[in-house]
Amino acid sequence: MASTASGSLSTPLFLFAVLAAFLLKGTAQNIPVQSQNLVTDDVSVVEGETATISCRVKNNDDSVIQLLNPNRQTIYFRDVRPLKDSRFQLVNFSDNELRVSLSNVSLSDEGRYVCQLYTDPPQEAYAEITVLVPPGNPIIESQEEVVNEGNETEMTCIAMGSKPASSIRWMKGDKELQGKTEVQRTYDKMYTVTSRLTLTVTREDDGVPVVCIVDHPAVKDFQAQKYLEVQYKPEVKIVVEFPEGLTREGENLELTCQAKGKPQPQQINWVKVDDDVPSHAVIMGSDLLIENLNKSYNGTYRCVASNAVGESYDDYILYVYDSRAGEGAPRTVDHAVIGGVVAVVVFAMLCLLIILGRYFARHKGTYFTHEAKGADDAADADTAIINAEGGHNNSDEKKEYYI
1 MASTASGSLS TPLFLFAVLA AFLLKGTAQN IPVQSQNLVT DDVSVVEGET
51 ATISCRVKNN DDSVIQLLNP NRQTIYFRDV RPLKDSRFQL VNFSDNELRV
101 SLSNVSLSDE GRYVCQLYTD PPQEAYAEIT VLVPPGNPII ESQEEVVNEG
151 NETEMTCIAM GSKPASSIRW MKGDKELQGK TEVQRTYDKM YTVTSRLTLT
201 VTREDDGVPV VCIVDHPAVK DFQAQKYLEV QYKPEVKIVV EFPEGLTREG
251 ENLELTCQAK GKPQPQQINW VKVDDDVPSH AVIMGSDLLI ENLNKSYNGT
301 YRCVASNAVG ESYDDYILYV YDSRAGEGAP RTVDHAVIGG VVAVVVFAML
351 CLLIILGRYF ARHKGTYFTH EAKGADDAAD ADTAIINAEG GHNNSDEKKE
401 YYI
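Be aware that the sequence shown starts at 1, since it is given in our numbering, and climbs by one per residue.
Rather than coming from a laboratory, the hints here were simulated on the basis of the structure.
Derived pair list, reagent style SDA-like, types lysine to any residue, alpha-carbon separation capped at 20 angstroms:
1) 180 x 196
2) 226 x 203
3) 180 x 164
4) 180 x 140
5) 189 x 109
6) 180 x 211
7) 58 x 93
8) 226 x 149
9) 272 x 289
10) 226 x 205
11) 237 x 313
12) 237 x 271
13) 226 x 142
14) 58 x 79
15) 272 x 311
16) 84 x 108
17) 58 x 126
What follows is a set of in silico ranges between Cβ atoms, one per label pair, in the way DEER data are often shown:
18) 145 x 221: 20 to 28 angstroms
19) 91 x 128: 13 to 21 angstroms
20) 207 x 184: 29 to 37 angstroms
21) 182 x 72: 33 to 41 angstroms
22) 174 x 72: 50 to 58 angstroms
Just so you know, even glycine gets a beta-carbon here, dropped at the ideal spot from N, CA and C.
Let the sequences and hints guide you as you build the complete structure.
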């Protein structure tokens with residue numbers, strides 16, 4: 001039984017050896033040509049993944065198809081795999097196609113694979129396998145962890161061990177920045193890419209992320225980021241807590257100094273420019289209180305705040321008014337109201353006078369008409385008056401005689 005098994009295995013191998021010798025002899029005698037009848041495609045594959053090579057025949061006359069590796073070793077002859085590499089697997093075999101997969105691709109698998117059709121002369125087509133090696137996780141570093149506003153800082157992003165070389169972009173917030181890139185090829189035909197970004201920071205950059213984006217055909221959205229930490233001198237603002245309006249004699253004044261910086265201001269001082277702060281003024285941290293104001297306190301009061309980066313200040317100009325200053329302002333409003341009322345009253349009186357004038361004008365016209373009638377019928381003035389009062393009938397009764 002053992003000898004029978006051995007014989008059964010040796011027969012296919014022998015036939016294959018004879019066929020291979022015949023093919024090699026034919027190859028030696030005939031120079032293969034690259035034909036448009038036999039086609040294939042180049043393949044790009046990420047290291048560790050699977051590549052598929054397809055040898056396709058447009059018009060086949062029952063000729064044999066085989067696939068060779070870059071060393072021209074036969075991977076598949078028809079549907080038979082002579083090469084002892086189990087990573088190669090037959091995906092499809094027909095008269096018009098030989099399709100083979102290669103799993104767990106490594107850099108050593110890169111090269112030109114040959115699809116061969118045994119015609120006379122043999123026809124060949126070439127499939128180039130390109131192995132892509134993604135870079136390692138990008139590393140971003142900064143020249144200094146904390147930067148003072150107005151200073152320059154340098155950041156570096158490194159993408160190591162890729163094939164082909166990666167490209168690096170920089171983003172600060174939503175703005176793209178330009179760095180300087182250096183590409184270095186290593187001994188194992190890999191590439192290390194270094195990009196350096198130089199920028200001048202402002203206080204608005206504090207807490208803003210700077211992102212290093214690595215572009216490579218084998219990976220997407222590969223990035224690293226670092227948040228800027230910017231120190232800046234204080235921003236100072238004086239706020240009047242009291243009074244709300246004018247500062248008058250005898251009143252109190254309260255000012256608050258608001259200071260914000262990084263680091264937070266450690267010291268806040270109140271001074272009076274070109275003079276001393278009034279002796280009875282009370283300073284409590286960031287607050288300044290002056291009671292019983294008088295005009296001798298006029299001047300510029302300054303709040304100065306400082307931290308490790310520097311100092312800043314804000315000024316308040318005090319002008320003390322008379323104790324009754326500004327009291328006329330509300331009265332102005334009262335006069336305006338009163339003036340409006342008077343105008344309405346005057347307008348109403350004018351309208352009334354016009355109406356009365358027209359009324360009396362009509363009645364006065366009637367009186368003159370009667371008087372005119374009496375005058376027309378009278379021989380003298382006395383008769384005219386009598387006629388105006390009652391007519392001619394009792395004119396004798398209305399006469400008076402003087403002796």
